[in-house]
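S.K.: Listed here are the chains, written in short residue letters.
2 protein chains.
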Amino acid sequence: MKDTAPHLCLLGTGLLGASLGMAARERGLAGRVTAWTRSAEGRAGCARAPWCDAVAAHPEEAVAGADRVILCVPVEHIPGLLARIHPHLHPRAQVTDVGSTKEAICAAAARIFTDRDHGTFLGSHPLAGGERTGMAHARPDLFAGRTCLLTPPACPADPRTEADLRAFWEGLGMRVHALSPREHDTWMARTSHLPHALASILCAFLAAEGAPQEVAARTGPGLLDTTRVAAGDPVLWTGIFRENREALLSALDACRGRLDELRGLLAADDAEGLCGFLRKGADLRRALDP
Amino acid sequence: MKDTAPHLCLLGTGLLGASLGMAARERGLAGRVTAWTRSAEGRAGCARAPWCDAVAAHPEEAVAGADRVILCVPVEHIPGLLARIHPHLHPRAQVTDVGSTKEAICAAAARIFTDRDHGTFLGSHPLAGGERTGMAHARPDLFAGRTCLLTPPACPADPRTEADLRAFWEGLGMRVHALSPREHDTWMARTSHLPHALASILCAFLAAEGAPQEVAARTGPGLLDTTRVAAGDPVLWTGIFRENREALLSALDACRGRLDELRGLLAADDAEGLCGFLRKGADLRRALDP
Chain V
2 MKDTAPHLCL LGTGLLGASL GMAARERGLA GRVTAWTRSA EGRAGCARAP WCDAVAAHPE
62 EAVAGADRVI LCVPVEHIPG LLARIHPHLH PRAQVTDVGS TKEAICAAAA RIFTDRDHGT
122 FLGSHPLAGG ERTGMAHARP DLFAGRTCLL TPPACPADPR TEADLRAFWE GLGMRVHALS
182 PREHDTWMAR TSHLPHALAS ILCAFLAAEG APQEVAARTG PGLLDTTRVA AGDPVLWTGI
242 FRENREALLS ALDACRGRLD ELRGLLAADD AEGLCGFLRK GADLRRALDP
Chain X
2 MKDTAPHLCL LGTGLLGASL GMAARERGLA GRVTAWTRSA EGRAGCARAP WCDAVAAHPE
62 EAVAGADRVI LCVPVEHIPG LLARIHPHLH PRAQVTDVGS TKEAICAAAA RIFTDRDHGT
122 FLGSHPLAGG ERTGMAHARP DLFAGRTCLL TPPACPADPR TEADLRAFWE GLGMRVHALS
182 PREHDTWMAR TSHLPHALAS ILCAFLAAEG APQEVAARTG PGLLDTTRVA AGDPVLWTGI
242 FRENREALLS ALDACRGRLD ELRGLLAADD AEGLCGFLRK GADLRRALDP
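Just so you know, the protein sequences line up as chains V and X, in that order. The number in our numbering is simply the position in the first sequence, starting from 1, with 1 added. The number in our numbering is simply the position in the second sequence, starting from 1, with 1 added.
Just so you know, these hints were derived from the structure itself, not from any lab. Some clues are possibly wrong.
[What the hints assert, rightly or not] Calculated Cβ distances over 10 Å to all of chain X for the following chain V residues:
{"no.": "1", "residue": "Arg85"}
{"no.": "2", "residue": "Pro88"}
{"no.": "3", "residue": "Cys156"}
{"no.": "4", "residue": "Ala168"}
{"no.": "5", "residue": "Ser181"}
{"no.": "6", "residue": "Pro196"}
{"no.": "7", "residue": "Ala218"}
[As the list claims (entries may be wrong)] One side of the interface only, derived from the structure: several residues of chain X facing chain V at Cβ under 10 Å:
{"no.": "8", "residue": "Ile113"}
{"no.": "9", "residue": "Arg117"}
{"no.": "10", "residue": "Glu132"}
{"no.": "11", "residue": "Gly135"}
{"no.": "12", "residue": "Met136"}
{"no.": "13", "residue": "Ala137"}
{"no.": "14", "residue": "His138"}
{"no.": "15", "residue": "Arg140"}
{"no.": "16", "residue": "Leu195"}
{"no.": "17", "residue": "Leu250"}
{"no.": "18", "residue": "Asp261"}
Here a beta-carbon is modelled for each residue, glycine too, at the ideal position from N, C-alpha and C.
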């Protein structure tokens with residue numbers, strides 16, 4: 002990869018892809034930016050966007066000559082898109098993605114990236130985003146101050162890819178941590194997919210209890226925070242849950258065990274036990290505040 | 002009650018009590034403000050506070066001659082405190098509280114406020130607060146724009162008490178809704194105590210999975226929002242959960258049913274079912290945003 006002004010190619014230009022284009026351009030991490038996205042409307046949006054130099058009608062064209070290719074499409078479409086672009090990649094191309102699950106994607110990449118003639122792949126997961134998806138909500142500061150998880154090794158093996166990719170995300174203002182794809186998925190099941198599932202469960206329960214107007218009129222700010230993530234795109238999250246099915250099932254089961262524990266303490270009116278349970282959670286939560 | 006500059010008495014001057022003193026003074030809803038709070042340190046804080054005219058060593062003294070008395074102590078202490086102050090109340094005194102549960106408190110008040118010689122009681126629950134409790138975090142704008150739930154009837158029956166109390170909370174910038182004590186507790190079990198329980202369950206689960214530093218380094222903003230309420234005072238929330246035990250147990254059971262439903266859809270890898278479940282929650286959550 003060239004040291005300066007590399008050619009960045011973005012495949013998928015929703016909230017994450019478009020924000021990446023803005024941020025990389027603003028911070029001088031990309032010279033040329035090419036883009037492809039599935040919908041014609043999205044491609045027209047790219048053509049008007051100041052961060053985008055060229056829009057391609059097909060992903061194969063978009064990646065031609067690119068130094069860094071970032072796949073910003075829903076997780077279930079990433080393996081297919083990797084297979085599709087692979088023959089068209091420049092040998093120096095470093096390919097990554099922003100998917101919320103990593104094991105299946107990295108396993109697919111290992112099957113596809115087997116020679117040194119068509120670039121390298123290394124999975125990324127920037128912990129940034131929002132309930133409001135789409136290019137219209139993109140912003141260049143989406144990544145600054147957030148964490149990015151990298152899931153080495155690169156395929157085919159190449160230490161430079163990890164160092165370059167780490168420098169790229171750090172250049173966007175992110176803190177970078179590396180862990181294996183499997184560790185990543187287990188971790189995300191517990192700290193992201195499970196919280197999302199609980200927020201959705203709570204909202205599905207509330208939807209059965211009253212009209213949204215009634216809920217909104219009679220509730221405090223705590224409920225809004227607790228359930229915020231449940232407003233996320235159901236299609237996107239169905240894909241994430243399915244990709245990380247085993248780990249999420251296991252997290253849900255462990256969490257259900259905790260629910261039963263709390264229920265038991267409450268049913269027994271065990272004041273000391275209840276307080277101890279709540280204190281354990283409060284101690285952890287207070288330690289999470291920046 | 003006098004039309005202007007009534008004498009307000011606050012019993013308990015933590016986050017809510019002290020914020021009430023500031024807000025009522027700032028908005029001209031109180032002429033004289035007297036206060037009592039359990040700890041000597043808290044009483045010394047009141048003596049220094051510009052919103053407080055006089056601090057009493059005992060609640061019986063604090064309420065002497067007061068037009069409006071507001072109990073801002075943990076829910077489990079409210080019935081005892083009502084019984085203690087009752088003989089000392091002026092006949093025109095309107096008494097209320099800010100407790101998060103209402104059925105037990107209002108039932109206790111109905112047993113205590115039986116004659117017209119010692120004022121009236123009507124329960125309130127301003128949906129305002131925060132994880133950071135104590136007088137040090139008090140602020141005059143804590144109530145503005147929030148909802149306050151009133152739980153009539155007043156005891157002994159007195160239509161003026163409800164009108165006056167409604168005007169008081171509205172004067173602080175709140176939207177006021179009235180519902181029965183039982184409806185209140187069922188509603189709060191579902192929309193506040195259950196979300197708190199789920200956030201605590203999630204945090205207790207995470208505490209078993211890794212050190213807080215590790216969790217903090219590798220998580221996104223979604224987890225922080227989802228779990229924010231779990232940082233609340235464990236002692237305070239143990240009292241709330243116990244006071245509202247039956248309704249919370251029933252909400253936990255219904256929620257567990259939803260958890261099992263989502264788990265079943267995921268185990269069956271039912272994409273359509275999963276997406277429908279998440280969409281139901283997302284629709285409700287999006288409708289809650291102001």
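S.K.: For every hint, state whether the structure bears it out.
M.R.: Taking the hints in turn, this is what the structure says about them:
no., hint, result
1, Arg85, "22 Å, holds"
2, Pro88, "30 Å, holds"
3, Cys156, "23 Å, holds"
4, Ala168, "19 Å, holds"
5, Ser181, "13 Å, holds"
6, Pro196, "4 Å, violated"
7, Ala218, "6 Å, violated"
8, Ile113, "24 Å, violated"
9, Arg117, "32 Å, violated"
10, Glu132, "8 Å, holds"
11, Gly135, "14 Å, violated"
12, Met136, "19 Å, violated"
13, Ala137, "16 Å, violated"
14, His138, "14 Å, violated"
15, Arg140, "14 Å, violated"
16, Leu195, "7 Å, holds"
17, Leu250, "6 Å, holds"
18, Asp261, "8 Å, holds"
The structure does not agree with the numbered hints 6, 7, 8, 9, 11, 12, 13, 14, 15 stated previously, though it agrees with the rest.
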